[in-house]
Every structure is written in C-alpha cells, then in structure tokens.
Amino acid sequence: MSAPRVEPPGPRVKLPERRGNDPISASVLGHQPEALQAFMKLYGRLWSHGILPQSTKELARIRNARTLDCGI
Amino acid sequence: MLRFMSWLPESGPGRDDFARSFALRPDLFEAWKEFASIFWEKRLVDPVLLELCRLRVAQLHGAAYPLSTRMREATEAGLDEPKIARLASWWKQPGFTDLERACLRFAEQFVLDAKAISDEEARPVVAALGDAGTVAFVEALAIFDGFGRFCRMLDVQPREEPA
Chain A
1 MSAPRVEPPG PRVKLPERRG NDPISASVLG HQPEALQAFM KLYGRLWSHG ILPQSTKELA
61 RIRNARTLDC GI
Chain B
1 MLRFMSWLPE SGPGRDDFAR SFALRPDLFE AWKEFASIFW EKRLVDPVLL ELCRLRVAQL
61 HGAAYPLSTR MREATEAGLD EPKIARLASW WKQPGFTDLE RACLRFAEQF VLDAKAISDE
121 EARPVVAALG DAGTVAFVEA LAIFDGFGRF CRMLDVQPRE EPA
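Order-wise, the sequence lines are chains A and B.
The letter at position 29 of the first sequence is residue 29 when you use my numbering, and the numbering goes up by one with no holes.
The letter at position 17 of the second sequence is residue 17 when you use my numbering, and the numbering goes up by one with no holes.
It is worth saying that the hints were derived from the structure and are not from the lab.
Some hints here could point you the wrong way.
[Claimed, not checked] In the DSS-like style, the derived pairs of lysine-lysine whose C-alpha atoms are separated by at most 27 Å in a straight line are:
1) Lys42(B) <-> Lys41(A)
2) Lys57(A) <-> Lys42(B)
3) Lys14(A) <-> Lys42(B)
4) Lys57(A) <-> Lys41(A)
5) Lys33(B) <-> Lys41(A)
6) Lys33(B) <-> Lys57(A)
7) Lys92(B) <-> Lys14(A)
Remember, it's a predicted structure, so these values are computed and weren't measured experimentally.
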C-alpha cells in the first residue's frame, strides 16, 4: 500500500484571477500592475542598455537565484 | 568643496552622494526612481509601516545613507523620531502594533535569510495586507534591501551640499 500523496504547499499569495499569457504578469507580480510596469522598465534598461557584458549579468543573475534557491 | 564620499572615482550630478553615484547611469537612475517612488506615491502600502521597515532594513545593513533620510509620506502620516529611535530594539519596545511587529519580523527575515521565512511569519502579513498588498510590500523590501547593499558596497555616505 502506497503512502497518501502529499500535495506541496501553494504560494503564500494567490495568483491573480485575470491572467494573460505572459508568465511574469500571470505571476503574483500581476497583483500590482503599475509596480510591475515600472519594474519591467527598470529591468529592461538593465538588460538592454547596460554597459556590462550580458554574460556577466547573466552569471550574477543565476548565481543569485541559486543562492536563494529560487527556481524561477 | 565637499569630497565625494564613495569609493567611486567619478560621479554624476546630484544633491547627495547616492544621487551622484547613481547618476553615472542616468537612464537606470530615472527608471529606478520611478519604480521606487510608486509604493509611496500610490500608497500601495501604509507609509508608516513601509518607512519602519525601510529603516529597519537599513539598520541591519548598517547603511548610513538610507538611515539619514526620511520619507515625507510617513512623516506626514504621523511617524515621529521617538518611535524611530525605538526601532533598533522594536521587539522589546512599546508602541508598535501587531501588524508592524509582524512586518518588521518579515522584513528582517527577508534581509537575513529569505529562504527561511516560515508560513507562521508570513501568515499575519498576508492576512493583514492581502495578496496585492503583500506583493507590494515584498517588492518594496527588495528595493530597500538592494539599495542598502548598493550603498554599503559603494560606501555611499550621507553628506548634503551646504545650502
């Protein structure tokens, strides 16, 4: 007899009800669309207009995600 | 003439060393200001609650620049200096609401070890702020934490130009 399946806990904040196809706006960040828009503007400039090599930024991004054990 | 208080060998225009440091990347600075101000201007989180957490995060970083500033929205909403003076030991001080204590505990864990935030620590924050408020609160914490580190790593110090 197998053990009952234990569902992993969900996120602490529910996902927004109105969700599009974009994975970021469909995430919990979609609860604050104005903040998300401002963040994406900042993040976009960081990646698109920066003076650091993309590879350096990507290494730092991945290293940070691993340090925080953040799967996204 | 005031010395530029940072490790950076050059600086841009600005009224203080934080602005003069960030002004080296003016396009990023503008976008950052837009993002960072939205939480205050749109009142996405109560400004007193937010300011207490901003200052507590700065205390944990030992970041002098953010500790030297006050957000006008919070001051106008009633946050006073005696309460800020008690913030460094808020857990044993009077005058903090249950929600402020829950958010300060959450903010400290965000800075010290975000992986270790427990459901018990998160629950009262989410219950009080709601889903949208909690998202705004955590985004704001990310700004406070990130730019506290920015100021520490670049040794940005508070030093206003004389009037």
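Quick rundown of the hints versus the structure:
no.: 1; hint: Lys42(B) <-> Lys41(A); verdict: holds (18 Å)
no.: 2; hint: Lys57(A) <-> Lys42(B); verdict: violated (31 Å)
no.: 3; hint: Lys14(A) <-> Lys42(B); verdict: holds (22 Å)
no.: 4; hint: Lys57(A) <-> Lys41(A); verdict: holds (17 Å)
no.: 5; hint: Lys33(B) <-> Lys41(A); verdict: holds (11 Å)
no.: 6; hint: Lys33(B) <-> Lys57(A); verdict: holds (21 Å)
no.: 7; hint: Lys92(B) <-> Lys14(A); verdict: violated (33 Å)
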